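Protein chains in written order, with the working numbering: chain Z, 1 to 279; chain L, 1 to 231; chain R, 1 to 281.
These are calculated hints, taken from the structure and not from any lab test. Please note that a few of the clues may not be correct.
Claimed, not checked - Mimicking SDA-like on lysine to any residue, the simulated pairs with C-alpha atoms at most 25 angstroms apart in a straight line are: (1) R:178 to Z:110; (2) Z:268 to L:11; (3) Z:268 to L:9; (4) L:218 to Z:258; (5) Z:268 to L:142; (6) R:178 to Z:86; (7) Z:139 to Z:149.
Unchecked claim - Computed, partial: chain Z to chain L, Cβ under 10 angstroms: (8) 39; (9) 99; (10) 177; (11) 232; (12) 234; (13) 238; (14) 242; (15) 268; (16) 274; (17) 276; (18) 278.
Computed from a predicted structure; not experimentally measured. Glycine is no exception: its CB is placed at the ideal position from the N, C-alpha and C atoms.
So you can see what is in the structure, the chains are spelled out below.
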Amino acid sequence: MIQSVALLRTSEATRESAPSPALPSTTPDRPKMRAEALRAHFGKTEVLKGITLPVESTTVTAIIGPSGCGKSTFIRCLNRMHEVVSGARVAGKVLLDHQDIYAPDVDPVRVRRRVGMVFQKPNPFPTMTIRENVLAGLKLNGLRPKDTEELVERALRQVALWDEVKDVLNRSGTSLSGGQQQRLCIARSLALEPEVLLMDEPCSALDPIATARVEELIHELCERYTIVIVTHNMQQAARVADFTAFFYLGELVEYDRTDVIFTRPSEKKTEDYITGRFG
Amino acid sequence: MSTLQKHTDREYEAELETLKEKLLLMGARTEELISQAMRAFAERDADSAKLTMRIDRQVDQLELDIDQLCLKILARRQPVASDLRLITTTMKLVTDLERIGDLGVNVCERVIELSAEPPLPATQSVTRIAEAALAMLHDALDAFVAGNTELAEEVIERDGQVDSYYAQLFPELLQLMMKDSGSVFRATRLQSIAKYLERIADHATNIAEMVVFMVRGKDVRHAFALSRGDG
Amino acid sequence: MKERYLQRKLVDAAVRGLCLLATVAALIPLGLVLFYVTSRGIGGLDWAFFTELPKPVGETGGGMANALLGTLELVGLACLFGIPPGVLAGVYLAEFGKHRFAKLVRFSADVMSGVPSITIGIFVYTLIVLRTKSFSAYAGGVALAVLMLPTVTRTTEELLRLVPEALREAALGLGVPKWRATLSVVLRTAAPGIATGIMLAIARVAGETAPLLFTAFNNAFWPTGLAQPTASLPVQIYTYAVSPYDDWHQKAWAAALVLIGMVLVLNVSARVLVRHRVRSR
Numbered sequence: 001m002i003q004s005v006a007l008l009r010t011s012e013a014t015r016e017s018a019p020s021p022a023l024p025s026t027t028p029d030r031p032k033m034r035a036e037a038l039r040a041h042f043g044k045t046e047v048l049k050g051i052t053l054p055v056e057s058t059t060v061t062a063i064i065g066p067s068g069c070g071k072s073t074f075i076r077c078l079n080r081m082h083e084v085v086s087g088a089r090v091a092g093k094v095l096l097d098h099q100d101i102y103a104p105d106v107d108p109v110r111v112r113r114r115v116g117m118v119f120q121k122p123n124p125f126p127t128m129t130i131r132e133n134v135l136a137g138l139k140l141n142g143l144r145p146k147d148t149e150e151l152v153e154r155a156l157r158q159v160a161l162w163d164e165v166k167d168v169l170n171r172s173g174t175s176l177s178g179g180q181q182q183r184l185c186i187a188r189s190l191a192l193e194p195e196v197l198l199m200d201e202p203c204s205a206l207d208p209i210a211t212a213r214v215e216e217l218i219h220e221l222c223e224r225y226t227i228v229i230v231t232h233n234m235q236q237a238a239r240v241a242d243f244t245a246f247f248y249l250g251e252l253v254e255y256d257r258t259d260v261i262f263t264r265p266s267e268k269k270t271e272d273y274i275t276g277r278f279g
Numbered sequence: 001m002s003t004l005q006k007h008t009d010r011e012y013e014a015e016l017e018t019l020k021e022k023l024l025l026m027g028a029r030t031e032e033l034i035s036q037a038m039r040a041f042a043e044r045d046a047d048s049a050k051l052t053m054r055i056d057r058q059v060d061q062l063e064l065d066i067d068q069l070c071l072k073i074l075a076r077r078q079p080v081a082s083d084l085r086l087i088t089t090t091m092k093l094v095t096d097l098e099r100i101g102d103l104g105v106n107v108c109e110r111v112i113e114l115s116a117e118p119p120l121p122a123t124q125s126v127t128r129i130a131e132a133a134l135a136m137l138h139d140a141l142d143a144f145v146a147g148n149t150e151l152a153e154e155v156i157e158r159d160g161q162v163d164s165y166y167a168q169l170f171p172e173l174l175q176l177m178m179k180d181s182g183s184v185f186r187a188t189r190l191q192s193i194a195k196y197l198e199r200i201a202d203h204a205t206n207i208a209e210m211v212v213f214m215v216r217g218k219d220v221r222h223a224f225a226l227s228r229g230d231g
Numbered sequence: 001m002k003e004r005y006l007q008r009k010l011v012d013a014a015v016r017g018l019c020l021l022a023t024v025a026a027l028i029p030l031g032l033v034l035f036y037v038t039s040r041g042i043g044g045l046d047w048a049f050f051t052e053l054p055k056p057v058g059e060t061g062g063g064m065a066n067a068l069l070g071t072l073e074l075v076g077l078a079c080l081f082g083i084p085p086g087v088l089a090g091v092y093l094a095e096f097g098k099h100r101f102a103k104l105v106r107f108s109a110d111v112m113s114g115v116p117s118i119t120i121g122i123f124v125y126t127l128i129v130l131r132t133k134s135f136s137a138y139a140g141g142v143a144l145a146v147l148m149l150p151t152v153t154r155t156t157e158e159l160l161r162l163v164p165e166a167l168r169e170a171a172l173g174l175g176v177p178k179w180r181a182t183l184s185v186v187l188r189t190a191a192p193g194i195a196t197g198i199m200l201a202i203a204r205v206a207g208e209t210a211p212l213l214f215t216a217f218n219n220a221f222w223p224t225g226l227a228q229p230t231a232s233l234p235v236q237i238y239t240y241a242v243s244p245y246d247d248w249h250q251k252a253w254a255a256a257l258v259l260i261g262m263v264l265v266l267n268v269s270a271r272v273l274v275r276h277r278v279r280s281r
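Using the sequences plus the hints, can you model the full thing?
Right, dumping it as structure tokens:
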């Protein structure tokens with residue numbers, strides 16, 4: 001679709017930091033991403049204490065846990081957003097298609113083009129129209145796609161927003177409802193055609209109907225994209241995710257298929273948390 | 001049953017406690033019903049049998065109450081993991097207990113019929129089956145309370161014993177009927193009672209299997225004989 | 001109980017009355033100034049005022065056209081010299097505000113905004129006028145720019161700070177490098193607010209007299225070039241006001257009125273712009 005985006009990927013592949021042979025990332029038994037002994041600090045405080053966790057390709061992986069357990073920090077490490085905050089440090093590895101994104105010669109900006117992010121509060125750019133918002137990722141990266149109208153339509157159709165906004169593409173991005181804004185933000189991320197989509201509590205600012213729409217969207221998207229979702233709503237994790245990871249105080253307590261976690265978890269802490277016996 | 005920490009939501013915790021209490025009460029009533037029915041059988045006491053039958057009404061009412069409570073908890077609390085297994089197990093246990101209650105009533109009915117007649121020598125064999133079945137029921141309920149899967153597995157194995165007692169009874173009764181055609185009425189009634197007791201033992205086995213599922217999350221129904229030793 | 005209630009009502013009314021009185025007292029000077037200037041100045045506003053050069057000493061008539069033009073020139077130069085560095089400094093402070101150097105810059109800006117304008121005038125005089133051996137509009141522009149700088153810097157910084165972090169994160173999350181995110185997203189979002197701040201800074205600077213005395217000086221004729229002494233409204237007002245001629249006094253009032261008018265227009269436009277922006281969201 002966009003040659004430049006494809007070029008970014010091939011140039012990543014030719015770097016020589018990968019220990020394993022360059023297998024295509026869609027092999028089902030190889031995880032798309034993998035954290036290895038990942039540690040993260042805010043100044044002196046250690047927020048993640050050595051996380052090793054796979055993220056399987058074209059699946060939805062949910063991260064659950066009480067507040068302060070490090071789940072948001074974790075996914076922000078997956079696209080190198082954690083280090084944006086001053087005083088933040090990361091140690092360990094995060095592999096994307098078996099290549100460490102924290103290797104010294106890797107440009108974080110390029111990582112973020114392959115690993116997109118959707119935030120808790122919908123944040124469309126207020127000075128831009130809906131159309132401009134969808135194209136923002138491309139324009140701001142200096143990419144000039146040939147057929148912008150088709151691109152905009154495709155991105156908005158993917159998030160089931162096209163029919164609602166196709167006649168008002170020139171309205172400000174902030175004139176939409178909360179749920180629509182969040183879908184617009186997802187479309188904005190998808191326009192860059194990332195491989196992985198990280199979602200940090202994407203529905204916590206939305207009403208139940210908008211939430212249901214976004215969850216349905218996640219369901220559809222996971223056929224093409226790999227999704228990691230942080231949620232404090234366990235029922236959402238139960239509904240949406242194929243795999244669930246439970247974090248507690250910066251450590252990974254348990255990781256398994258969602259139906260196993262919610263019917264017979266192995267760890268007592270997991271059991272206590274999901275049945276509401278904490279605190 | 002052995003989880004140490006309580007739910008943060010006290011109302012939920014209280015609902016689960018109520019559920020367990022009612023289930024235990026139902027178990028106790030059922031045990032009472034069967035043992036009193038067997039006592040009436042031994043003493044050939046029709047009046048006692050009639051009184052005993054009334055206990056089944058309590059058992060049926062408890063079944064309704066417990067099912068209602070389970071439905072409410074499922075709707076409001078979205079239980080998961082051990083809580084979910086507790087609720088689903090309870091709903092199944094309640095069915096088994098209610099069936100046991102009905103079987104007890106059936107026994108009482110046969111006792112009333114038999115009390116008008118002179119006793120048959122085969123009563124001892126029937127009592128043997130009753131004792132085994134009652135013991136199984138008692139232990140299955142104990143296993144539920146304590147979350148004791150070893151005890152539950154033991155109960156499951158004892159079902160074979162009850163089956164063999166029952167199998168031995170039939171030829172014995174056949175002999176009696178062939179010898180004395182006047183004993184056919186009584187022999188067939190004894191046969192029925194033995195059948196009911198054998199079914200009670202089967203239900204007790206079901207209860208024990210549910211206990212294993214509830215505690216370990218492993219479904220051992222229908223496969224225990226094959227998969228003995230793992231899990 | 002009822003007494004308490006009544007007592008409270010009385011105290012409430014009394015305090016409210018006092019607040020009203022205080023507000024009126026604060027508005028009196030403004031009202032007086034506006035009234036005075038308007039009543040004295042309106043008579044001097046005629047077509048000639050806006051189009052003609054000042055007449056030589058002693059003669060009546062003429063106007064302040066050159067001063068008007070001069071003020072516009074000086075303000076224009078001030079904007080040219082003052083706004084870009086001010087905005088960029090504001091961006092630096094907002095985005096890198098935790099470095100020690102940034103703390104120094106911020107402190108300097110705060111100090112500078114308190115420096116008397118005449119001091120700045122002397123500073124520019126020494127720096128530029130003495131070196132070039134001439135009063136000039138450039139010097140005047142620089143002086144005014146220096147006056148504007150702290151205000152523009154701090155306003156830009158404050159407004160950039162107000163832009164929610166979520167927008168920066170959204171831009172970064174799209175794989176946009178930080179500099180581009182700052183310019184194309186954050187600055188663009190804060191732009192209306194910054195524009196308002198700039199307008200207010202201009203309004204303040206347009207009326208400054210002291211620095212211009214040493215830099216642009218004055219000129220009775222049309223400005224011939226930016227390297228020449230240039231007339232300006234404030235200086236002209238000063239010159240005319242201290243003169244012994246009634247005609248010139250009249251013109252000074254008129255010029256004062258025009259100056260206040262300019263400031264008023266700038267302030268009101270800034271307000272209108274903000275409201276317009278808020279409504280269109």
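For each hint, the structure was consulted:
no.: 1; hint: R:178 to Z:110; in the structure: holds, 12 angstroms
no.: 2; hint: Z:268 to L:11; in the structure: holds, 22 angstroms
no.: 3; hint: Z:268 to L:9; in the structure: holds, 18 angstroms
no.: 4; hint: L:218 to Z:258; in the structure: holds, 16 angstroms
no.: 5; hint: Z:268 to L:142; in the structure: holds, 24 angstroms
no.: 6; hint: R:178 to Z:86; in the structure: holds, 13 angstroms
no.: 7; hint: Z:139 to Z:149; in the structure: holds, 14 angstroms
no.: 8; hint: 39; in the structure: violated, 30 angstroms
no.: 9; hint: 99; in the structure: violated, 37 angstroms
no.: 10; hint: 177; in the structure: violated, 27 angstroms
no.: 11; hint: 232; in the structure: violated, 15 angstroms
no.: 12; hint: 234; in the structure: holds, 7 angstroms
no.: 13; hint: 238; in the structure: holds, 7 angstroms
no.: 14; hint: 242; in the structure: violated, 17 angstroms
no.: 15; hint: 268; in the structure: holds, 9 angstroms
no.: 16; hint: 274; in the structure: holds, 5 angstroms
no.: 17; hint: 276; in the structure: holds, 5 angstroms
no.: 18; hint: 278; in the structure: holds, 6 angstroms
Violation of the numbered hints given earlier is confined to hints 8, 9, 10, 11 and 14; the remaining hints are satisfied by the structure.
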